[in-house]
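Visitor: Going by this note's numbering, the sequence shown opens with residue 11, and the numbers climb by one from there.
Misleading hints may appear alongside valid ones.
[Said to hold, decoys possible] Dumping the calculated DSS-like pairs for lysine-lysine here, alpha-carbon to alpha-carbon at most 30 angstroms:
#1 Lys46 - Lys132
#2 Lys142 - Lys116
#3 Lys117 - Lys85
#4 Lys85 - Lys116
#5 Lys130 - Lys46
#6 Lys117 - Lys142
#7 Lys142 - Lys129
#8 Lys132 - Lys85
#9 Lys129 - Lys85
#10 Lys142 - Lys130
#11 Lys130 - Lys117
#12 Lys117 - Lys129
To be clear, the hints were calculated from the coordinates, so they are not data collected in a lab.
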Amino acid sequence: MSDQDPLATATTTTTTIPITHLFPFTSSLEGPVNSKQYFQFARTTSLEHKHKSIDTYETNLMGRRMIGYSVELPKNVNGHIWQYVQTPNPDQLDDETEEPEPRLIKKSTEHISQFILWKKDKAPNDQDARIKAIEDWHNITDAVHEPIPL
């Protein structure tokens, strides 16, 4: 990988690098991180993982090699980032001893149209469970909103 800032090189090309990432793990950390300093990635030059028609990226994160593909959402899909927050909702609390449950709030008003799907040690494929879940959910929403012929 190059020591050069991948975001700086992205501005000189005709394509843009997605800034949203879907990792194959979770983290209990909620809040801002200095990703420009601590998370750097670049387009892969490895022929082993390079996809012929999809932008492919490579990085090392927490000592693990990660390969990622750029995923574009369908035009009629708006992606959003949500965050769990611990805020008491007085309408849902029965008594004072009940613990407030985490709630989801929309983290930003910007829509996500593409993201990088990461996988440990190898590139994601078309059958990745996370992509299939997005596709299946999209198919369900299309079916629910489709007019019923009478």
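Visitor: Hint by hint, say whether it matches the structure.
Guide: Each hint tested on the structure:
| no. | hint | in the structure |
| --- | --- | --- |
| 1 | Lys46 - Lys132 | 24 angstroms, holds |
| 2 | Lys142 - Lys116 | 23 angstroms, holds |
| 3 | Lys117 - Lys85 | 21 angstroms, holds |
| 4 | Lys85 - Lys116 | 21 angstroms, holds |
| 5 | Lys130 - Lys46 | 21 angstroms, holds |
| 6 | Lys117 - Lys142 | 24 angstroms, holds |
| 7 | Lys142 - Lys129 | 15 angstroms, holds |
| 8 | Lys132 - Lys85 | 28 angstroms, holds |
| 9 | Lys129 - Lys85 | 25 angstroms, holds |
| 10 | Lys142 - Lys130 | 18 angstroms, holds |
| 11 | Lys130 - Lys117 | 27 angstroms, holds |
| 12 | Lys117 - Lys129 | 24 angstroms, holds |
Figure legend: structure checked against the earlier numbered hints; every hint is met.
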